[in-house]
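The task is to assemble the complex, starting from two chains supplied on their own in separate frames and drawing on the hints.
For the protein sequence lines, the chains are A and B, in the order given.
If you count the first sequence from 1, you need to add 88 to reach our numbering.
If you count the second sequence from 1, you need to add 1 to reach our numbering.
Since the hints were made in silico from the structure, they are not lab data.
Mixed in with the good hints there might be a few duds.
To be verified - Quick look at which bits of chain A chain B covers, simulated, 3 or more residues with Cβ under 8 angstroms:
1. 455-465
2. 631-642
Said to hold, decoys possible - Here are the computed distance ranges between Cβ atoms for each label pair:
3. A:588 / B:24: 44 to 54 angstroms
4. A:928 / B:322: 26 to 36 angstroms
5. A:555 / B:394: 46 to 56 angstroms
6. B:203 / A:897: 32 to 42 angstroms
7. B:7 / A:563: 54 to 64 angstroms
8. A:463 / B:399: 44 to 54 angstroms
Claimed, not checked - With the C-beta cut set under 10 angstroms, the calculated list includes, among others, these residues of chain A facing chain B:
9. 405
10. 439
11. 479
12. 510
13. 515
14. 524
15. 595
16. 915
17. 919
18. 932
19. 936
Idealized CB from N, CA, C, for every residue including glycine.
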Amino acid sequence: MSVEDVIVNVIAWVILLAVFVGVPSGVVVLIVVLMKRRRRRATKRQVAQRSQQPATVAQGPTAASASEPLPLAGWYPEPGRHGTFRRWDGARWTDDRTTGTPEFALPASPPVATTASAEPALRETAPSDPERPVAKRSTRFERSAWIPVNESVVVQGFTLHGGLIYVGAQLSSPRGPVDPALINPTLRVDSRHPDLTGEGLSYWPSYSELSPASRAAYLTWLEEGRRNPRTPVGYVFLFFYGLEHRALLDLANNPDHAGELSGIENEVRALLTVYGPASGSFRGYASHFLDILQFLKSRYEAVDTEAAAPPLIDDRWSIPLRLRVGLGTHAVDAAPLPADWALAWAWYDPNTRIRTPATRCSDEFRSLFIARYAEKFRSGILVDSSGPPIAVEYHAASSGIGSIRLDMSGVPDVIATSPAVRTLAALVDETQEQLDAFSRFVGKHPGDRQSLTALSLLPRALVESSSGEALHSLRTWLDGVVSPEGTSTVAASELLDRWGVANTSVARADAVSIAQLLGLLGIGIEPDVRFGGATLARSGAAILFPVPHGDAVSPSAEYSTATTLLQLAAAVSAADGVVSAEEVETILRRLSTALNLEAAETVRLLAHLRWLSQSEVKLTGLTKRIAAVPGSQREQLGSLLIDVAAADGTITPAEVRTVTKIFGLLGLDQDSVSRRVFAARSNQEPVLVRQGAPARAGVPIPGREPTPPPESPHGLRLDASIISKTIAESASVAVLLRDIFEEDDTLSALPKRHGRRSAGFSDADGPVAAAGATTTAAPPNSSSSARVAGLDTAHSRIVTALRGQHELTRPAFETLAREVELMPDGAIDTINEAALDLVDEPLLEGDDVLTVNAEVLEEMLR
Amino acid sequence: MSATSPIRPRERDAVLQALRTGVVPRVGQQHIQVGRANEIGALVHDIERIADGGSAVRFVIGEYGSGKTFFLNLVRSIALQQKLVSAHADLSPDRRLHATGGQARSLYSELMRNIATRAKPDGGAMSSIVERFISEALTEARASGQPPEAIIRLGLDQLSNLTGGYDFAEVIAKYWQGYDTGNEQLKQDAVRWLRGEFATRTNARAALGVRTIIDDANFYDQLKLMALFVKLAGFGGLLIVLDEMVNLYKLANTQARNANYEQILRIINDSLQGTAVGLGFVMGGTPDFLIDSRRGLYSYSALQSRLAENTYAVGGLVDYSGPVIRLANLSPEDFFVLLTKLRNVQASGDPSGFTVPDEGIHTYMAHCASRIGDAYFRTPRTSIKGFLDVLAILEQNPGTRWNELIEGVQLAPESNPDLLPVDAAPEAPDSDGWHAPTNGDDELTAFRF
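The shape of chain B in the complex, shown without the other chains (with noise of 0.2 angstroms):
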């Protein structure tokens, strides 16, 4: 991005508008975007084996405030540009890969939620891409002569063949009944199922007709034919985007944990053996995710050969081929430059609006410093916060001084919250699966006599 480029004011103020509240833009990232071009190289790498037909499956790990999510938000924006379909989701406790008690299905409605093209970047996009497979099928169906519906099964005949395609193809069916008909409700019943929103058959039965739903059993198995379907609509591919993996290394119970990285192995074979296709999935995790041996990844011994990074990528060797990116927390010239862009970004790309010098920038910066050490460039989420603030003033007030207002910029450290609740979980009397019946006693896997 050259400094000189228009920036489009929709994307200004979603920019703007999220860094003040303190959370990522989901959209122009590309605007304010420092370093990282080998890691993004090896991203959009991945991006076009996606698109080719291929699989792919990432780590993106990263300290408190190094910025994986916003990485994460960076991939998304550019798998969306190579014409893939994204989708993505924070886990949390009531969101995770694999579950007994609706988490799993809870994780992959909010996945299809948030699925998003291209054309529709903020997400929500689901009928967007029922409608673009349908429209295809209906461009046949006028060439060949026959009934649309027969266009469309005969279209969603390899989904078929995987684990229930056959109701998947149903549904499409039905949306585009439900189109023909003028009835809305069934159109929206359809796309409730696609989401995984039925919670019981049910209620599937009755709106639908058909007699599965989206669960947690067939959370993965449902993911596949998503990505199937999308290419048959026309796309490259299904990019997943999971961040906060992190929670499932809080879950306290053995069981679950393990079961949810045996959901992450499948996933992993999956994709290095090719058996997915136009599957694609990032995670982004704090280190204690991936390294501890206890709870973490590397706990679960698969995944850790799987994993293990490259031993010879030492002494300034890197590797960015092996499933497992790091990211480095921001350096204070990361910073500085990061800072230029948002100005950037606020004058909408016009050098001439800049309301404060790069003079001004240093100002701040050593402000910063002096208030709250190095943690305004390694989690640096409440300094760009106040960064915006005085640019909005000076914005909004001309003839204000920007080094009065710098002046009274107030700081405080930010801690990390990923840190407590695994402190707190043994104390937490929560319900199914996030307390281990043994009192976290993890350790005592064997008992022999």
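Chain A extracted, bound-state conformation (with noise of 0.2 angstroms):
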């Protein structure tokens, strides 16, 4: 008699005692007709699944004839011994005895893929055999049987398809005698009012604790494929716990059966595409799951160290099990650690500081930490493979499991133990910091990322390979007008309409940009701001030169210097309306080998000078510059422009008036200019400029020795001991020439910047009000001189404007700052710990988008 048959009959004897007490006798019938339809369904379905499928459900721990495989390894019923378990090896019975529950009990089937074909119904007649293992049995499903992927069983009159599922009367959990999963089939299912909406299902499901509407549908979902998405979860939960129940419990240790768990896989990432949006909760147990498994199966396969590493995701607060498992394999192969591993370990160790760089510029991230990588470590850095091997430990969803511990013996668990990171996380770091401009470029042009000016703000490793079509042109462009030695002259206006800039006045950012990317194609340019030049003029000239990789990008102090003078001795050379490129290369050489400049220094000189006679040499842009040369040094200053202006051997008047008029600015005495400059033009042979050394007399001539012939007929000869000695004492003030030459450039390329800054220095609490006149975009400032939270004026205005936001972007901070003349982070710095002093709490937070704190806002205002 089946369990159905016992339902029927329990329900006709309801029936009757209704007919009893009276309920209408039109509702009785109805619900006999229905009981009976349903019966026979029920009973031809079973039959007609028992037919093809011979009841798998049913085995027990037997073992059968010697052709047949040995069940598992496992505790089992000791034959003869009722309630004594044994432990079978797998091949013979152990001395292991308990009389409780074992720990764990494997199920009683023999091993799944052998015996799909078996013949169990007879085996219910116990094999002689002593030595094996032997079930007693006094119903079919006394024991559970694990029923394995793509199989069917029969449950209530259910056909339940693809397997993956506990079916039996016993299966014990180490928290319990009754695992949860179980389905145990005598159990009472009412079919008829199936609980489709989980009301009756309780936190920690169990299926022998289910209602029967409840386990009705459960089944019902089985049934339908277990991809129903409107079921609720938490019978998706109770097939989850069967899954848990076989991987951990039955499969962890047994490597006969690895190949299982990627049935069980692919079972849960179905479930986890069904199920996972909407349940949080069994998509965070699912994914842990998929990573045990994972881990699982690793433990059995051989891991591919040429494989790709795990990708790298937001989501850093766990490290991938197939990271781990992929370090410590390259760990105890000693493999060089490849690029993309490394990476990857160092994204997720909690120790490294990810910024906006790293995800902003995935790409360019990428790409630059691996070439670092290589340049630094070649095939990559050695990992030290002791420590204690990898272990998991995993919560189960299912109670009746709880948490369990398992480890990979044999592969370390490098990421716990190895100092390596920390080199790796520097290199992210620096990595980061590399792309730092490029990633705020990014920010506030998202779609400029091919420009060249984005492009400038990498790093060369990354120039040299981009691929962008401006790069391209830009290229092809300067191998056709760059000579390979020498200086080429182009017009700025080209390069200018390659960057996009379209105003007459070039802003510094664009001409440093322009140098930079420039530079990074082996290019040098003249004018460079970075140098001390002034910025390109759209209708002057631009001098191309090549330079070497990495060549300096910033002035020397004595390429500063060099660059005074010669502009000063440009002045000069040009006030006869003539320069002479002759004798100012002369003079040129002569400084490069006075002040020791490196051969790219001189090159840069050569180009300088060449940009100089083409532009025009203003002598009004000089006064300022010379009026801050301080009067030790105008007197040097003096002796060289003469020397200068005697160069080519003729000085014309043109030539005296500006000299005069310098040594007028210098302070020097005017008066003196002629009589020196006749002094110079009249020693065409060594001149006594200074007290010559009275030693010559003295000295007996040596009369083998041939005199020096003179350097060049017209040529002057400078004491090039002075001149080393002038530039020598003048490396410290070089600085200071320096200071005035910007200042000056900033005079003649931007007059609006000028006169903001001159009001700014003239007027104690100008820059407010003078700001206001240059920046459209500045708040009004009736309220400017109030002061917030104990910060001085310029930083209080910084925070008044800040009312109203919640953040911003770091340029638009940048702006806000500028505009009251302060540098962004010392001002972020400043005004946080104002806050900090005020309330205990910053106000701005965050690296490239500045959160505002509203409240510490209110309060720092208040």
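Here it is in structure tokens:
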């Protein structure tokens, strides 16, 4: 008598009772008819099912004939002793016995792969071989059976396809005698009122404790193929518990069945796509479970060390198992760690600081990291393989399992022990820093990733491999115009057009960008603002010349001195309307030897000179710089200018006038100019510029020694030692000179800026008014003198301007800071410190997007 | 910290995440500090002295697991709160106080990379500091009408008196130029120079036009410069926090080790004589590092006399003014308080959010004691981690019962990793300086006929 028969009989009795009690007979008849139909249908189904799938459910832990494989190792009821379990090691009985429920008993089913076609019904009669475990069974479902994937079973009239469930009467779990996932076919099922909404489900559902209605709903779900998206997730969990049990308890230590893990994995993935989006809890458990499955699989399969590293995802909370296993395997194999693995390692390390550049410019970040890694470690670092094996702890969803700890012997958990990751984290840090400027630019202009301005902010390694169209066209053009040796002159407008600079006055930032990108491509440019030159003028020329990679991008003190002198010299030289390149170049060479300029600097100086000779050199521009030259230097400067004027052997009145003028500016004796010029001109031979060495008279004439020929027929003999002395002494002053120069460049290039500055300098409370005058965006500054939170006027203005904003981008903040002439990082620090003083919380947080803490702001503005 | 004060989410996450991965949190230590009032008081006093332009040096000595690193981080947070700038680093085989192969520069880089201000406690505050200095100069420039760069140089004039001060000032000026001309590269290079990341003079000259770099030889001089500079930038002073000093003790080469100890001696002398302005050092290490008479600090006799403890501080009398501060391991009671504090942090300071009652903490401690014995409070790293795991589960799975979870926590005793390399040192065929040419035969220092 099947379970269903019992139920039907019970119901029949109930109906009889109902008739006695007086339920309307029509209803009773209806119920009876329905019952019969249902019963018939079910019976038919069962019969059909059993005939094609001979009850895989029903095996016991029997071993059959010798040709059949032996049962799996595990705890089995001991033959002949009721209530005692004995351990079967897979081949023979061991001496381990236990009387209670063993910690976990394996399902008493023979290896599934080989028994699909076996004839289990025959095994009901126990074989007489006492050397093999035999199950004593009173019913077919006494013990549980694992239904392998894609096999079917019939429970209570429900045909459950697909397998992956436990069916039977007994399955213990580490925490209880009955595993929640076990489908006990003897339990009552109320097929007519399935609890499809899951009302009767508890937090930890267990099949044995479900109501019959809920069981029906669960079986329905299983029958329908386990993908009904409207099913409450509690049923899905119930099924999931079974998978956990199988994978963690049955298969975890059983390499023979590792293949089964894939089936489970596929099922979990499929469930995850259906139920993951709606249930965060299921998503969490299922993804962890997938990790564990991966882990279990990787215990049995060799990890492909050539495989790509795990992808970098934003959620860095947990370290992917695949990464840990992969790193461990590399360590054991003593194989150098490939760059992508190294990157993944650093990425997931909790101590690595991942900032916006790494996420916003992920491609650039990755390629730069890989390039730098290769540069630093060649084929890769070797990871120390000592350390404990990888162990994972898994908190099972199933209440029957709890938490379980698995480890992977032979594969060390290098993540926990190796110090190598610090090196990698430092590399990530550096890489991010190198991308900072680029990242900020991209944040400000998201569409201009491939523009030349953006590329100029990239490190060289990335520029070289970049394939943007704008860059390609620039390269082609440069190849055409720049000769490998010497200098080439191009119109500045050509360059500016490529950079999309339309204004007539070129901003310094644009000029820097041009110089930087050209530098990355191995081309130098003059004028170069980075070296204290003017910005490019649209109508002017630009001088291009090849520079070696790794060349200076910032002037040394000597170079700055040289350009200063050169510029003054050019002014003098141009005074007669003709700049004689030859004479100035002669001086230039002398300058470079005297100053010990490096070869590359000399090349640049030449280019600078060429540029000077092609543009107008105005004395008016020099006025201000000269005014600031300290007294001690002026005399020397004057002498040099006289020498320059006389360099070509002739001194025109115009040159004298210019020199006189400069002398006036220098505060030197103007009357002495003509005398000194005369002295310079009349001395084609070595000149007595200052008191000569008296020793000459006392030294015997070395008869044989030929007198050195004059250097050039018209050449002026400059005393190289004096020049070098001058210049050496001026090294520290160079800095001051350069300041003056930059000030002046600002004057000529950006008159507007100049106005702002001078206002700022002249007026103690000026910056506000001045900024207001030049920037229309400045907020009305009626309350500008109001100070907040103990900050000074400028910082207070920033804080005031933040009113009503919740967050602002870093470029926006930079603009804000520039308006009040503050530097962004310093301003953030000062403001946050004031905020911390006031309310113990910073006002601005974040890196690229600054979040404004509204409460703090309110407090500060109070 | 009262139990009811709310805890900021950022600090909460930082504390929990760090402890769960087994490292000491960088912020929010005040929420979980247990006891040690005298020790902290002594350090607070030091910090005040540094802020007044004085100097200080302390050795924080404690056994493995006694919370040295935690204590150091707390001191660091206090210093930041007092408007000092802090910089911290762990010593390691490639980061030392004195070296010739770039290891001292490497330590300097690490320190400067981690340089932090109160508003930027996580490190990386170098540009903030430089910009604050320059901002001051700009304000002054506006007031006096002089060009900013001249003011910057004027301000840095007193740096020029110190070793390497001229180029330091030059680099600061370069930073300003970079800002002024929109040249990000120059700014970045200036910061890199300040952080000691230029390995060769040629590179430094190409990038910034300066002739010197920060290298092994001027490690300490540069720290003194930096201390002066942060004072000029408006901060109270500079606190250098060095951890894992035991790495010096582990140096097998006597000469290399003594050279490092000499550097320490120099630091102590400067500090005690008041030559260093606004500069403090706090160094953490194990007792071996201090008292081992063969390789510890006491092996260097000049240091032994300076670091000797007050001989009258016995029998319950204490003296916290000496340069050495000893940290005792936690007691079970301390550990209990610590767990309640962790629970408080996890509930963001809201007692209604507690997921485990006090009884649960007792149970947990009993569970730990049964698994790993005394180690659970002496080296509490793993037991703290386990406790936080339990709290995390309870928080994410409401309805779970704490007593079931606690039973399931797996614990394994920890071993002191410092002990291993010392034993292994003689065999380790390490390169330069890490292996004594005399095969570790340290005793033979003189040979007489």
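Each hint, compared with the structure:
Judged by the Cβ-Cβ criterion of 8 angstroms, the segment 455-465 of chain A is not covered by chain B as claimed, because only 0 of its residues qualify and three are needed. For the segment 631-642 of chain A, the stated coverage by chain B is satisfied: 5 residues place a CB nearer than 8 angstroms to a CB of that chain, which reaches the threshold of 3. Between residue 588 (chain A) and residue 24 (chain B) the Cβ separation comes to about 48 angstroms, which falls inside the hinted range of 44 to 54 angstroms. The hinted range of 26 to 36 angstroms is satisfied by residue 928 (chain A) and residue 322 (chain B), whose Cβ atoms lie roughly 31 angstroms apart.
At about 50 angstroms, the CB distance of residue 555 (chain A) to residue 394 (chain B) agrees with the hint of 46 to 56 angstroms. For residue 203 (chain B) and residue 897 (chain A), the Cβ-Cβ distance of about 38 angstroms falls inside the hinted range of 32 to 42 angstroms, so the restraint holds. Taken as a hint, the range 54 to 64 angstroms holds for the pair residue 7 (chain B) and residue 563 (chain A), whose Cβ atoms sit roughly 58 angstroms apart. Distance hint for residue 463 (chain A) and residue 399 (chain B): a CB-CB separation of about 51 angstroms, consistent with the stated range 44 to 54 angstroms.
Hint on residue 405 (chain A) holds. Least Cβ distance to chain B is approximately 8 angstroms, under the 10 angstroms limit. The closest approach between the C-beta of residue 439 (chain A) and any C-beta of chain B is roughly 7 angstroms, which is under the 10 angstroms cut-off, so the hint is satisfied. Annotation: residue 479 (chain A) was flagged as interfacial toward chain B, and the flag holds, the nearest CB pair being 9 angstroms apart, inside 10 angstroms. With 10 angstroms as the threshold, the beta carbon of residue 510 (chain A) comes within range of chain B, its nearest partner Cβ sitting at about 8 angstroms, so the hint holds.
A hinted interface residue such as residue 515 (chain A) counts as satisfied when its beta carbon comes closer than 10 angstroms to some beta carbon of chain B; here the least separation is about 12 angstroms, so the hint is violated. Residue-level restraint check for residue 524 (chain A) holds (minimum Cβ-Cβ distance to chain B is 7 angstroms; threshold 10 angstroms). At its closest, the beta carbon of residue 595 (chain A) sits 7 angstroms from a beta carbon of chain B; the interface hint therefore holds under the 10 angstroms criterion. Satisfaction of the interface hint for residue 915 (chain A) is found here, the shortest Cβ-Cβ separation to chain B being roughly 7 angstroms, below the 10 angstroms cut-off.
Satisfaction of the interface hint for residue 919 (chain A) is found here, the shortest Cβ-Cβ separation to chain B being roughly 8 angstroms, below the 10 angstroms cut-off. Because the closest C-beta pair between residue 932 (chain A) and chain B is about 8 angstroms apart, less than 10 angstroms, the hint holds. Hint status for residue 936 (chain A) relative to chain B: violated, with the closest Cβ pair at about 14 angstroms, above 10 angstroms.
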